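Q: Residues 128 to 419 in our numbering are what the sequence shown lists, from first letter to last.
The hints are simulated quantities; they were obtained by calculation from the structure and are not laboratory data.
Since the structure is predicted, the reported quantities are computational estimates derived from the model, not experimental observations.
Using N, Cα and C, we set each Cβ at its ideal position, and we do this for glycine too.
It is possible that part of the hints are untrue.
[Stated by the list, open to error] Derived CB-CB ranges, DEER-like: (1) 369 / 133: 49 to 55 Å; (2) 273 / 233: 44 to 50 Å; (3) 293 / 416: 44 to 50 Å; (4) 233 / 417: 33 to 39 Å; (5) 273 / 331: 38 to 44 Å; (6) 296 / 250: 34 to 40 Å; (7) 229 / 335: 40 to 46 Å; (8) 234 / 369: 27 to 33 Å; (9) 184 / 416: 16 to 22 Å.
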Amino acid sequence: MHIDVILRSEALRKGKGQYKIVCPSCGPERKKKNDRTLSLNVEQGKVLYHCWHCHQRGIVPMEDAMPIIRERESVKVVAKKLKTDDLSAEGVAFLKSRGISRDAAEMVGLRSARSFIRAAESDVDVVVFPYKNKGVQYAEKLRWSGGKGFSCNGAPGTLWNIDNVQTNDDMIICEGEMDALSFIECGYESAVSIPNGAPLKLVDGKIDPNDDDKFKYVWEAKDKMEFVGRVIICTDSDGPGQVAAEELARRIGKDVCWRITLPNGFKDANEVLMSKGQAGIDALVTSAEPWP
């Protein structure tokens, strides 16, 4: 495919701004095929590009108007102050039963609290999952340490653990915090979780970033995604999980996404950790394949 066509398509997908991408000219021929050596400057009406490896450069005129993505307020609702403490004995026991050590839990800021959970019909011990955006904690998910109930304090609207994603690490996107924690437990510290449940069906038609409220956390994480190694999607193996994976890849760009297929009989990454331990999680990461 001609480089102009590829870059025009990339520009239409990303919108106005500056990006680093894999060079379509020299990338496929290099040993490090995923190195992002091409600088892309997307402006209204044109795309300027320059590869710092093969030195190809030029200007690509745009045939379609560029989508203008409005700046969003990253956090609109700040949670009421919740009194939290170090992880309780109940919280540590709950996490241990799911294969998560206290060290891993404390590394990502998990705490304990007492809060009302509808499933328990009373105030109970909960594990607090903090939601932060650019250093500001604005919401929490509260997981009952003695059962399956949960609630929220505030409105989580960004990827959980996004602030801890490191440059050049693989970003592993999971469907739940416990699944992301399973990767973190095994040393994959740039694992994140979507903040809300998986959709039941695919969205039809063209995606407008300005009206894509359910997936706004994807658009707000674009700056992080530009500088990670790979974006690996590992959602649940059920129907909604597969829909979530497809919707994430459509917005991130299938050309930069990798996919983990869970082994038969396993619903999510936490089940793999509980059954197969570190070796099972390592096998998931090494088995990731480029999006078909």
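Q: May I ask which of the numbered hints given earlier this structure violates, with the numbers listed in increasing order?
A: Violated hints: 1, 2, 3, 9; rest satisfied.
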